[in-house]
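As given, the protein sequences belong to chains Z and H, one line each in that order. The first sequence begins at 4 in the numbering used here and counts up by one. The second sequence begins at 4 in the numbering used here and counts up by one.
Hint data in this document are derived by calculation from the structure and do not stem from the laboratory. Quick caveat: nothing in here was measured; it's all calculated off a predicted structure. Some hints here could point you the wrong way.
[As the list claims (entries may be wrong)] So the derived label-pair ranges between C-beta atoms look like this:
id : chain 1 : residue 1 : chain 2 : residue 2 : range
1  : H       : Asp152    : Z       : Met41     : 53 to 63 Å
2  : Z       : Ala130    : H       : His15     : 38 to 48 Å
3  : Z       : Gln43     : H       : Glu13     : 49 to 59 Å
4  : H       : Arg154    : Z       : Asp138    : 27 to 37 Å
5  : Z       : Val129    : H       : Ser38     : 26 to 36 Å
6  : H       : Ser38     : Z       : Leu37     : 25 to 35 Å
7  : H       : His128    : Z       : Glu63     : 55 to 65 Å
8  : H       : Arg72     : Z       : Glu133    : 37 to 47 Å
9  : H       : Ser42     : Z       : Pro195    : 53 to 63 Å
10 : H       : Arg154    : Z       : His135    : 26 to 36 Å
11 : H       : Asp152    : Z       : Gln87     : 32 to 42 Å
12 : Z       : Ala130    : H       : Ala22     : 28 to 38 Å
For each residue, glycine too, the CB sits at the ideal point set by N, CA and C.
There are 2 protein chains.
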Amino acid sequence: MPRLWNETIETHRHAVREAILDTTAELVSEHGLLSVTMSQIAEKTGIGRATLYKYFPDVEAILLAWHERQIAGHLQQLAELRDQDGPPGERLQAVLEAYARISHDRFSHDHAGLELAAVLHKGAHVAQAEQHVHDLFKELLTQVAETGDLRDDVAPDELATYCLHALGAARSLHSESAVRRLVTVTIAGLRPAN
Amino acid sequence: MPRLWNETIETHRHAVREAILDTTAELVSEHGLLSVTMSQIAEKTGIGRATLYKYFPDVEAILLAWHERQIAGHLQQLAELRDQDGPPGERLQAVLEAYARISHDRFSHDHAGLELAAVLHKGAHVAQAEQHVHDLFKELLTQVAETGDLRDDVAPDELATYCLHALGAARSLHSESAVRRLVTVTIAGLRPAN
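So that you can see chain Z by itself, here it is in the shape it has in the complex (with noise of 0.2 Å):
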């Protein structure tokens, strides 16, 4: 087959399994986790049964591909933050809020979601994305740290640890402002003591 064609199987089957994706996650936020078939997905993306059965096994498949999907994302805009111009602690500041707001907006939405989110936070690739998210603001902190700007009594990698959990807090909070209240707390424990 000429090089043309196999490229454009292969942008057609993204296509599809993107669409696949979509359609799932909207089938589920609007219906409930647990009352969504392989036959709806198929239909509403407007594909064969058949040919969704060739994408994925099951609705537990799909939702799975789905999330790894949606934590890429966000792995890809906190490392587009990181890697912007300015001086580290602004780029720090702008990837802590970054991932508070993320953390907020995964938790927040409608039920649906929530329920979402319980069955499949026992993934591997969960812990794995925490792991990345970890490094990331250790890095970023210990650039802040060669500025002077970071207390020194406790090492980046734990500061990294306080941050990510601290952060997680977002998932509690009931608005965008005390998301960010959030941040400027979080920041605060990280200054050098007085």
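We have chain Z; now place chain H onto it with these hints.
Relative to chain Z, chain H alone:
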């Protein structure tokens, strides 16, 4: 039946129940969650299987009761520190340190303990206990606010949520000195802005 007799029965029942919980926790931490049976528990507690079944229907129910007892003990410990004499700021520090230590200990034992925690952490009583701890933090933070030693741009309610999550980082830390540093950092976030 005379009252004394009733009390003796109650005391006896309580002692047996406590012994069952202790034995089960021991067996689980020795052999892992999945390999422990009702027969083993009865034998090691020194009671008959029929007696054991009068107290608990299965291993899971015993573990749940054990976990509830642990949590009640921790809440009791925190409440005692809250109700000590002394300025609110010192009592807050004592309570936050104790909570961080408890979080650390609960997750730093052996793998069996981790397994146990994972299984049990689905219980509604865990969410309820976290709410208790949150309210206890909030109460003390409100008292500290009255002394002027607390930042006044964020409400005690939100600061309690921050503390609960930030100190949860103790679960991921590997030494007691790291836990102490975490408490220091967390408290630094609570100080009045300069």
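Structure-based check of all given hints:
1. Asp152/H / Met41/Z: 53 to 63 Å: Holds, since aspartate 152/H and methionine 41/Z (Cβ atoms, about 59 Å apart) stay within the stated range.
2. Ala130/Z / His15/H: 38 to 48 Å: For alanine 130/Z and histidine 15/H the Cβ distance comes to about 46 Å; the hint holds.
3. Gln43/Z / Glu13/H: 49 to 59 Å: holds, 56 Å
4. Arg154/H / Asp138/Z: 27 to 37 Å: holds, 30 Å
5. Val129/Z / Ser38/H: 26 to 36 Å: holds, 28 Å
6. Ser38/H / Leu37/Z: 25 to 35 Å: About 32 Å separates the Cβ atoms of serine 38/H and leucine 37/Z, which means 25 to 35 Å holds.
7. His128/H / Glu63/Z: 55 to 65 Å: violated, 28 Å
8. Arg72/H / Glu133/Z: 37 to 47 Å: Violated, at about 31 Å.
9. Ser42/H / Pro195/Z: 53 to 63 Å: At roughly 60 Å between Cβ atoms, proline 195/Z and serine 42/H fall inside 53 to 63 Å, so the hint holds.
10. Arg154/H / His135/Z: 26 to 36 Å: holds, 31 Å
11. Asp152/H / Gln87/Z: 32 to 42 Å: holds, 37 Å
12. Ala130/Z / Ala22/H: 28 to 38 Å: The hinted range 28 to 38 Å holds for alanine 130/Z and alanine 22/H, with Cβ atoms some 37 Å apart.
Of the hints listed earlier, those the structure fails to meet are numbers 7, 8, in rising order.
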